[in-house]
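Student: Sequence:
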Amino acid sequence: MTGKSLRRIGAEKWPVTVFRHDEVHARRVVLYDCPRGHQFEMPFAHDADPPSTWECRSHSTTSTRTGTSPSEEPRRKPPRTHWDMLCERRSSAELEQLLTERLGWLDNHRGSLLLDQANETEKFLQTLGILPMGGQRPTGNHGDRR
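Quick note: the sequence shown uses our numbering, first residue 1, plus one each step.
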C-alpha cells in the first residue's frame, strides 16, 4: 500500500525504503495511577527518565507513577532573581552604602529636577498657545461673571 500511495503523489522515483520506518527505537511503557481509580500506560524512549507525575488523558488530573510517591520528585532550585544575583556580588554593607548615596543624590537634585520639568512644561504650553510667550502665568480670575 505504501508503494501505491507514493506512486499517486509522484514519488515513485524515490526508493520505498526512504519512506519506511523499519527501525523502531527501544521503548518502555510506564504505568501511572489516576486519582480516580484507574491506571494508564505511557510509552517513553528506553533511555529517557519518565517523570513521576503525568496528566491523565481522561480526567485531566495529575497522576503519579505506579510504585512511587509524589515526594520522590527531585527538588529543583528556585529560579535566581535579580536580587539574588545582586546579593552574590555585593555585601549588605555595600548595598546599604549605595542606597544611602543614591538617596542623598536624589534629595540634592530633586528641586532642580522638578524645576527643569516645570520649565519644559511651560515651554510646551507656550508653543501650544495656552500660555502667553512672556512667561506670565494666567491668574485664577478667568471669566468673572457678574
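If you're looking for bench data, these hints aren't it; they were derived computationally from the structure. Incorrect hints may appear among the rest.
What the hints assert, rightly or not - Label-pair restraints from in silico Cβ distances:
(1) Pro78 x Gly37: 55 to 65 Å
(2) Glu120 x Asp84: 34 to 44 Å
(3) Ser92 x Ser58: 21 to 31 Å
(4) Leu98 x Arg76: 28 to 38 Å
(5) Pro79 x Thr100: 28 to 38 Å
(6) Thr53 x Asp116: 49 to 59 Å
(7) Leu125 x Gly104: 56 to 66 Å
Keep in mind it's a predicted model, so treat the numbers as computed, not measured. For each residue, glycine too, the CB sits at the ideal point set by N, CA and C.
Student: Mind checking the hinted window 28 to 38 Å against the Cβ distance between Leu98 and Arg76?
Tutor: 32 Å, holds
Student: Confirm or reject the claim that Thr53 and Asp116 have a C-beta distance inside 49 to 59 Å.
Tutor: Given range 49 to 59 Å: holds, Cβ gap about 58 Å.
Student: Taking the Cβ atom of Pro79 and the Cβ atom of Thr100, is their distance within the range 28 to 38 Å?
Tutor: 30 Å, holds
Student: Note whether the CB distance of Glu120 and Asp84 lies within 34 to 44 Å or breaks it.
Tutor: 39 Å, holds
Student: Evaluate the given range 56 to 66 Å for the C-beta pair formed by Leu125 and Gly104.
Tutor: 33 Å, violated
Student: The hint says 21 to 31 Å between Ser92 and Ser58; measuring C-beta to C-beta, is that right?
Tutor: 53 Å, violated
Student: Evaluate the given range 55 to 65 Å for the C-beta pair formed by Pro78 and Gly37.
Tutor: With Cβ atoms ~34 Å apart, the hint is violated.
In summary, the structure is inconsistent with hints 1, 3 and 7 from the numbered list given earlier, while agreeing with the others.
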